[in-house]
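Residues per chain, in single letters:
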Amino acid sequence: MPHLVIWPPILVSCAYVLLFSAWTIWVSFTRSTLMPDYSWAGWRNYSSMLATRNWHIAYTNLFIYGTCFVVFTMALGLLLAVLIDQRIRAENIYRAIFLYPLAVSFVVTGTVWGWLLNPSIGIQKLMHDIGWTSFRFEWLIDQDMAIYTVVIAGVWQASGFAMALLLAGLRSVDADLLKAAQIDGAGPARTYLRVVFPTIGPIFIAVLVMLLQFAIKTYDLVVALTAGGPGLASTLPTVVVYDFMFQRSELARGSAAAVMLLGSLAFVLVPYGLYRMWQQRKARAHA
Amino acid sequence: MPSRVTLSRVAIHATLIAFAAFFLVPLVVVALNSLRSTEDIAHGGVIGLPHELMWSNFSGTWSGYCIAQHCDGIQPYFWNSMRMVIPATIISTLLGALNGYSLSLWRFRGDTIVFGIMTLGVFLPEQMRLVPWVIVLRDLNLFNTISGLVLIHIVQGLSFTTLFCRNYYVSVPQDLLKAARIDGAGYFRIFWRIVLPLSPPILIVTVIWQFTGIWNEYLYGVTFSSGEHQPITAALIALSARLSDAPQYGEQSAAVLLAAAPTLLVYLFGGRYFLRGLTAGAVK
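Chains A and B, in that order, give the protein sequences.
Under my numbering, think of the first position of the first sequence as 1, with each following residue one higher.
Under my numbering, think of the first position of the second sequence as 288, with each following residue one higher.
The set of hints was computed from the structure by calculation and includes no laboratory data.
A few of these clues could be false.
Unchecked claim - Here are the simulated EDC-like cross-link-like pairs (lysine to aspartate or glutamate), alpha carbons at most 20 Å apart as the crow flies:
1. A/K217 / A/D243
2. A/K125 / B/D532
3. A/K125 / B/E326
4. B/K465 / B/D398
5. A/K125 / A/E138
6. A/K125 / A/D142
7. A/K125 / B/D398
8. A/K179 / A/D243
Stated by the list, open to error - So the derived list for chain B, only partly shown, Cβ under 7 Å to chain A, looks like this:
9. I299
10. A307
11. F402
12. L407
13. G408
14. F410
15. M415
16. L438
17. V442
18. I477
19. F478
20. W479
21. L483
22. P487
23. V543
24. T550
Claimed, not checked - Short, incomplete list of chain B residues facing chain A, as computed with Cβ under 8 Å:
25. V317
26. W349
27. C353
28. P419
29. L445
30. L463
31. N503
32. L551
33. F556
34. F561
Note that beta-carbon positions come from the ideal geometry of N, C-alpha and C, so glycine has one too.
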């Protein structure tokens, strides 16, 4: 009798992961357009996707956005974590303020930052009204800069996450280690750089990987903030997938784009998985 | 060197306050704008104080507004989201608890592989499941229904809820189970009498995680529902697309605030568990 309860959810879940992925991969090799059509097309969808302008812009943007987003989020998260670690009064209030963006949807974040960064009603307008009429901040409508507005909103949303994990790491450092550094005459800056940061290295890497996969999956934020525009200027791979699948009714080419998206995720996650396995083996060898 | 010490304390606090302000700006701006008139905002920009308190923005956006030819405000979409998030959260959490219990305490051959496959589901991008879902929902006749979205979120959520619960249940001592089994207790009895009473901390984390994630989800909502069946996130985007020529900043701000309210309240009252959920997946 328990088998009837144990197995269905487990099987559904495994089938969902394996079969749905296999299904999308299969569709990416077919001639499907508006409806699935299972006649074989080989690598054609991949080569034609790789040749589109959308794909090139999207991956260039992902590279810019991913790099800036991860660097700034890590830097800000680390700065905030170290500051909060200085035995601050009202620590809980600061933490709550830095973390609340995570509770809000990307749709909300994107919409509100869209208003703030809109030159005619946002920050630029405020500066003009207080008399600084030469102030320019028009990234949102600038072909070359629009992708950086996504970085701003993304960093705003995610640096609390980095802060929370890094702070937990800082707090987990062995107190004896810190005392030893103090006795050796190391100042606070030196203690952080030489003792604390190296010991929480694995947490840095974990946060880095989480942020990278988060950057690759970014979708709603761009839709709400720039809708991929102006033109295609701030499009991302996820936007390209949706565009091909449902707006152009090219299921097969959209699926090929989705599989390439999965490929870029694997590019980040597989090395990390191997690193974790290597670490666990090392830990077991020591034990 | 007391003066240097105080100086650095001042610098620390000043930096923290500056960043706190940066993080609060969007929330404060939306809250203030939800009480300003659209003319006021179009004239004076989004950053400013209300001249008079326009409480009517809320009533207008809640029940009077037109989105996609339906003039009932955002209220129907808000309730759509509620009708989606409540069953999906409860069912995915319960099934996740059962899965976690089976995988951690009723070990069977290949259980780690099964668990590994399920955790892969946490990382797979949503885009990889869109086409299969289109076909499955069409075949089940659930396209463009709330039930369809509930089904998606239950199946999608199982990966997360199983991961959370399994990692929690592995620390339950096996001896406890052995003793219960010797006393003749079966699968359900052990779950009900021993495992479930130990579970409230992880169940709260899981419920908060699922509620926030499902309420805020956009891609499935916009792909598998349209018109009056959309959840609130999709409706908000539809609203701003429809109003892009003549934005109604006052009412739109009120709409944004109402859409963000449920998860913000959950965060406010369950912040501790919220953080635990975030770290559970990442640090483990």
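Problem - Numbers of unmet hints, in rising order - result: Of the numbered hints, 7, 8, 11, 16, 18, 19, 20, 21, 22, 26, 27, 30, 33 do not hold.
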